[in-house]
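As they're listed, the protein sequences go chains A and B. So for the first sequence, my numbering puts the first residue at 1; every next one is plus one. So for the second sequence, my numbering puts the first residue at 1; every next one is plus one.
Only true hints are included.
Cut-off 16 Å, straight-line C-alpha distance, at most; resulting in silico cross-link-like pairs (EDC-like, lysine to aspartate or glutamate):
1. B:K62 with B:E28
2. B:K62 with B:E9
3. B:K77 with B:D66
4. B:K77 with A:E180
5. B:K77 with B:E56
6. B:K77 with A:E179
Note that these hints are calculated values from the structure, not bench results. For clarity, every value in this text was computed on a predicted model and none was experimentally measured.
Residue-level listing of the chains:
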Amino acid sequence: MTGLDLRRPGDPGSTLTLAHGRGRLLRVLSTTLVASWFLLPFAPLALWAFANQWSFPSTLPTEWGFDGLSSAIAQGALPALGTSLLLSLVVAALATPLGALAARALTFGTVPWPRTVSIALLAPIALPPFAAVLGLNVLLLRAHIPPEAGLVLVLVVMAVPYTTFTMRVAYAAHDIHYEEEARTLGASRWNILWRVHIPLVAPALSRAAFLAFLVGWSDYVVTVVVGGGEVVTLPLVTASMAAGIGNDSAVAILSLSAIVPPLALLALAGFAGRRPRTGAVQKTPNVGERP
Amino acid sequence: MSRTVSLHEVSKTFGASQHPALTGVSLEVPAGSCTAILGPSGSGKSTILRVIAGLERVSAGKVVVDGTDVGGIAAEKRGIGMVFQRPLLFPHLSVLDNIAFSQRVGGASRVASRRHAQHYLDLVQLGGFGARSVQALSGGQEQRVAIARALAAAPGVLLLDEPFSALDPALRDDMHELLDDIRRAEAPTIILVTHDRDEASAVADNIAVIDGGELLQHDTVDHLYNRPASIRVSRLMGGLNEIEGTVQAGMHVSPLGRVPVPANTPDGPGILVIRHEAIEVSPCTEAAAPPSGVIGHVSRVRRFGPRRMVSVAFRGGLLLHAALPPGDAVRDGCRVSLTLPPQAVSVVAVPIGPVFGEPGSGAPR
Numbered sequence: 001m002t003g004l005d006l007r008r009p010g011d012p013g014s015t016l017t018l019a020h021g022r023g024r025l026l027r028v029l030s031t032t033l034v035a036s037w038f039l040l041p042f043a044p045l046a047l048w049a050f051a052n053q054w055s056f057p058s059t060l061p062t063e064w065g066f067d068g069l070s071s072a073i074a075q076g077a078l079p080a081l082g083t084s085l086l087l088s089l090v091v092a093a094l095a096t097p098l099g100a101l102a103a104r105a106l107t108f109g110t111v112p113w114p115r116t117v118s119i120a121l122l123a124p125i126a127l128p129p130f131a132a133v134l135g136l137n138v139l140l141l142r143a144h145i146p147p148e149a150g151l152v153l154v155l156v157v158m159a160v161p162y163t164t165f166t167m168r169v170a171y172a173a174h175d176i177h178y179e180e181e182a183r184t185l186g187a188s189r190w191n192i193l194w195r196v197h198i199p200l201v202a203p204a205l206s207r208a209a210f211l212a213f214l215v216g217w218s219d220y221v222v223t224v225v226v227g228g229g230e231v232v233t234l235p236l237v238t239a240s241m242a243a244g245i246g247n248d249s250a251v252a253i254l255s256l257s258a259i260v261p262p263l264a265l266l267a268l269a270g271f272a273g274r275r276p277r278t279g280a281v282q283k284t285p286n287v288g289e290r291p
Numbered sequence: 001m002s003r004t005v006s007l008h009e010v011s012k013t014f015g016a017s018q019h020p021a022l023t024g025v026s027l028e029v030p031a032g033s034c035t036a037i038l039g040p041s042g043s044g045k046s047t048i049l050r051v052i053a054g055l056e057r058v059s060a061g062k063v064v065v066d067g068t069d070v071g072g073i074a075a076e077k078r079g080i081g082m083v084f085q086r087p088l089l090f091p092h093l094s095v096l097d098n099i100a101f102s103q104r105v106g107g108a109s110r111v112a113s114r115r116h117a118q119h120y121l122d123l124v125q126l127g128g129f130g131a132r133s134v135q136a137l138s139g140g141q142e143q144r145v146a147i148a149r150a151l152a153a154a155p156g157v158l159l160l161d162e163p164f165s166a167l168d169p170a171l172r173d174d175m176h177e178l179l180d181d182i183r184r185a186e187a188p189t190i191i192l193v194t195h196d197r198d199e200a201s202a203v204a205d206n207i208a209v210i211d212g213g214e215l216l217q218h219d220t221v222d223h224l225y226n227r228p229a230s231i232r233v234s235r236l237m238g239g240l241n242e243i244e245g246t247v248q249a250g251m252h253v254s255p256l257g258r259v260p261v262p263a264n265t266p267d268g269p270g271i272l273v274i275r276h277e278a279i280e281v282s283p284c285t286e287a288a289a290p291p292s293g294v295i296g297h298v299s300r301v302r303r304f305g306p307r308r309m310v311s312v313a314f315r316g317g318l319l320l321h322a323a324l325p326p327g328d329a330v331r332d333g334c335r336v337s338l339t340l341p342p343q344a345v346s347v348v349a350v351p352i353g354p355v356f357g358e359p360g361s362g363a364p365r
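Start from the sequences and build out the full structure, keeping to the hints where you can.
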């Protein structure tokens, strides 16, 4: 004992710890509230998905089962899921590099009248899709463009504003000097793109790709009009079943399965977007450390 | 393998700009030497490096490396390394993989390039840091890694663009020592851009003083301080003392008196310049002036760390500034005798037209 009457953070009764504890409690509480705000609507959906029967006034389904699932499959949910995934991935694969190119050109000033070009690129967001698509459809039909290609084309145009905007934010913070440094180290254009540029903007690229995927994934209007019934996606199956009566559990199954791919992608993007903290050097021991 | 770099009448104008960034710069940097390019902000010194590296094209003139005009050679093929003011370490690569970058893009295997990189990591005294993420480094360590990365590409010429200006003074001294070690070990030709006179004289064999896109003087460190080519160079090198007068038969005649000047100084009007560090100041005295000395009165004493700067006033409002070692021998108002050693005195031409800045004021520190 030194006899000093010092109070340290963490000592019982310390006001510092008290404030800390209270702050943490508030944080946990608010997070729980926000999470339940998002999750609560899914509770009835989850219940309906496995309810063969649920009559009023029961609080829970009166008969559990997989009728909804088999009914959804019977209505072509599985091929529709596949089509939706393929369509959204193709849209993301096209709209992301296009958005990145546009954003890079706009940020580094290689485009004449950058303001006008930006507005033109963002225009598809402002336009009501129905109006634009009806007009475009005539054009696509006249040009004899197959409905699948026309659908991809229109969805890519609708996704490009999102990818461009996301990538512009990334390029605004991007330091072109990294690429100059790589050049003085002997890197070719291809090496710079592959080993410097893409890794540096990878988090933004995955965000942009996710947004473009969502544009394709959640589209209904364009698929109906331009796809002309040739392309049946998950939203189309869901909508047609929701329009009928007594399909509640099948609609619930379809809605829930529509949530899974974007969530999985979000988790993947979050994981891929994280910078490696320690690097990959540990794979070859004795190289990174002095003996 | 170090290489000679020569600039022949290099000019550079950016876009539609009215003011060229460089005008007719000719500079010869011998293989294995270290030249500092010294100048204030915006003087065009970084542009010189970018032109040599191939990151900018010249508007006129040519850049020659070892006798070859490199104008048509892309930056990535010139074999000229560059370290910027910011370390610019690739955040997605570990410390070792950053240094191994040049070997990797050159086609070496991962294992071979890392083995090669380890040597350079050891050279910059960070041997055990290879596996770390670059985010875990301090500012000084980052710049060491950046230098190691540039050296690992085995450049014949290493360009350093104010690489130490963001570091604190103690770290900067460490880096100057590191640069000496590197010169001993690898002997690359080094061209260092700086706005810091002390740094330039600490690391370089020669200094090229540049201002307004023009090369004013390229000379040894001693000559730049003691034999400036013009009043502009004297001011940029931090010279404080300028006495207008006339040279007559080896003597500079001014209200200060007659001061002996170097033998080859031509007769006619000229400005006498002398470094404040070179002037010897007597203690307060009533004695007559020594042969190469002048008598004045102390008008002001200012402290600069352990040293002091005295301003001594003479008849006609003339002022001379002298740096003094620690001590208490002079005080305001006392009569002192100043000795101007002939080997430190030099005379420069009276400029035609205005010279920007005041003596010592706009000068880089």
